[in-house]
Amino acid sequence: MAAEVVRRASRGRLRLLRALRDPVFLATLVVLAALPFLAGTTSMSSLALSLTLASIYILLALAWDFSSGMTGYLNFGLPFFFGVGALTAGYLSWHGDRDVPFLLLVAFGSGLLGGFLFSVPTLRLRGPYFSLLSFLLPFLGTDFVAAYWVQLHWPTEGFYGLPFLAPTYGGMLLLLVIADAVVLVGFFVLRNSHFGLILRGIRDDEDALSSQGISTFPYKVVAFTLASGVVGFAGACYAMVNTYSGIDAFGFDFILFPILIVLLGGTGELVGSVGAGLIVVLIYEYFFPIFSDLTLLLFVVAAIILVLFVPHGIIRPLRRFIRFMTTEEPT
Amino acid sequence: MVGSILAPVVIYGTLFGFTYVLLALGFTLLLGISRVLNLAYGALYMVTAYMIFYFAVELGINLVVAIVLAMAIAVAVGVAIFLLCVKFAPDPMRFLVVTLLVALFLQYLFAYPPLFQGETGLIIPGLIPTHEILLYGVSVSPVYLWTAGVTIVVFLGLWGWIEWTSYGRTVRAAAEDPETASLFGIRVRTVYIVVVAVSSAIVALAAVLIVPAQEVTPTMWVEPFVIAFVVSVIGGLEKFKWTLPAAFLLSFSQFYVQFSYPTSSSLSDIVAFIVAIAFIIVLPRGIGGIRRGR
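In order, the protein sequence lines correspond to chains A and B. Under my numbering, the residue at position 209 of the first sequence is numbered 204, and the numbers go up by one with no gaps. Under my numbering, the residue at position 102 of the second sequence is numbered 107, and the numbers go up by one with no gaps.
The set of hints was computed from the structure by calculation and includes no laboratory data. Keep in mind that this is a model prediction, so the values were computed, not measured. Virtual Cβ for every residue (Gly too), placed ideally from N, Cα, C. Treat each hint with caution, since some may be false.
What the hints assert, rightly or not - Every beta carbon over 10 Å from chain B, so not counted as near; a handful from chain A, in silico:
no., residue
1, F32
2, L44
3, G91
4, R119
5, G156
6, V180
7, A203
8, S205
9, S206
10, L273
11, F283
12, A298
13, I309
As the list claims (entries may be wrong) - Restraint-style ranges between C-beta atoms, simulated for each label pair:
no., chain 1, residue 1, chain 2, residue 2, range
14, B, Q122, A, A176, 40 to 48 Å
15, A, H90, B, P267, 28 to 36 Å
16, A, F304, B, E168, 22 to 30 Å
17, A, F111, B, P118, 35 to 43 Å
18, A, Q146, B, I66, 45 to 53 Å
This is chain A alone, in the form it adopts within the complex (with noise of 0.2 Å):
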């Protein structure tokens, strides 16, 4: 028996190794660290804010990809939990609490313990019922904070005067790019060890798994409360990059990219999401002066493009070019 844990762990271990030397994956962390200095670390550009802006929606799209695209369950509820994050740290600003490192702990906190809370008694539902029920959670969020804003005398206009996340842009991106890379990493090793084969397997065939006694209940909530975790954390992050957090937390805009970063990246493969996010946000911030508001309606019709026509994404057709030119032919 012992003999047999051993060997399975060792096989693990094996899997993984050679997971971890996937050349886009090691490709993707040499672009992440690159971006730092792409930027400057003490720069107030406007590119710097844009790659900030781009890294919180990295962070944002992985999350969605490690539970969603992963499982196949779709979580339409990710406004909620980043609003959750935003205005965590905008009342505890708000009290006096300004303490950046504090601030981000306790948004992430709330992001797991609102995942953990709405996984629990919603996970028990299919696939398309419970995208469903995610998809009303941002109304919630909002009708919550509506009825409850007054009654809790907050500010009416929103939390402002958060501290900056850095002092400069540049800070700011070399925080998020770390934070970006370690979710990453940790998404990555997760998802090819035993427990991202189960979530792989809930998204293929769930009664299979179910019928081999695999019970894929825990693992959907851990997935769905790490993630929200993440996602709380990008709240608060979006926060002090803006110094304000309000209710437009709960907006669209906060699931429209990530999915759209994900379908661009590949879904269930989460390296593709990096790329992906440097690629949409780069094009909606060089776009947005041109088109101002017609840009999210073109950003919407070519997310409707590669759902129809592209479904997986860049990355799959890049391993296989990789692959390509890699491979010796047979002499």
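Fit chain B to the known structure of chain A by using the hints.
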């Protein structure tokens, strides 16, 4: 206290109950027959409202013609979304994503300032006068009285169509077992398209009746969708006849809370979510499941 709020809760609960039935009927029908979860369902409500504004206000076309055209466009959009998804995104999850994206597309399209004054609320004309009347001391809009009457007709018509007509049998066969139905020569996809068209027409009709009493905004698609979904959850997803008690349960709960806590206007909206989540935990098969003993 209960005595003072009894009349408004009963009157508003009843009238809005019928409104909720009309909003949820199409959604539940679509879910029950075609097994389609359509996040763009509420967007069809919005399309109808904006099209009425475009034809009747901007082009100055006769109101009845404008309404017919707007409903036809809503039905066409509903069928087009369905065909697009069936052709290119047949699995339920991609279907869901596409319908969400289509709803967002329509929201951003109508919010685009050169088209319809951006986020500004618009008012559309209606067939029913909107001035309020007194009913047992409670002020109500005739819009909701008419909506209640139309809902009863639509509900009975739909029930009769599904239960007692030859095509209704075909629809039920396609819903029960599409593969066996197609072996018997039933063109299942055509049946689904008819159901999608009927469902879209119902939500468009709801817009024609209700929206003149409200404002037309690019985010107005969310509320009818939320109501439709919550009513479906309470009734037991996929069982359209249970929308009737489910809608009344929701509307009475909401108005009881609204009149009990009049200072928190958004609290009644939260009730909808709480009721939906409570049903999912306690009675996942909804009211319809109680009767079957499951």
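* Asked: Is V180 of chain A truly not at the interface, in the sense that its beta carbon sits beyond 10 Å from all beta carbons of chain B?
  -> holds, 27 Å
* Consistency of the no-contact label for A203 of chain A, given chain B and a CB cut of 10 Å -> holds, 17 Å
* Regarding the assertion that S206 of chain A does not contact chain B, is the least Cβ-Cβ distance greater than 10 Å? -> holds, 21 Å
* Asked: F111 of chain A and P118 of chain B, beta-carbon distance inside 35 to 43 Å?
  -> holds, 42 Å
* Are H90 of chain A and P267 of chain B spaced within 28 to 36 Å by their CB atoms? -> holds, 30 Å
* Asked: Would you say S205 of chain A is clear of chain B, with no C-beta pair closer than or equal to 10 Å?
  -> holds, 17 Å
* To do: Compute the least Cβ-Cβ separation between G91 of chain A and chain B, then decide whether it is above 10 Å.
  => About 28 Å separates G91 of chain A from the closest Cβ of chain B, which puts it past 10 Å; holds.
* Asked: When you look at the beta carbon of G156 of chain A, is every beta carbon of chain B farther off than 10 Å?
  -> About 26 Å separates G156 of chain A from the closest Cβ of chain B, which puts it past 10 Å; holds.
* **Status of the stated non-contact between I309 of chain A and chain B (beta carbon gap over 10 Å)** => holds, 17 Å
* So is L273 of chain A really clear of chain B, every C-beta pair being over 10 Å apart? -> holds, 21 Å
* With d taken as the least Cβ-Cβ distance between F32 of chain A and chain B, does d exceed 10 Å? -> With a cut-off of 10 Å, F32 of chain A remains clear of chain B, as the shortest Cβ separation is near 36 Å.
* Asked: L44 of chain A: least C-beta distance to chain B exceeds 10 Å?
  -> holds, 23 Å
The structure fails to meet hints 4, 12, 16 from the earlier list, while all remaining hints are met.
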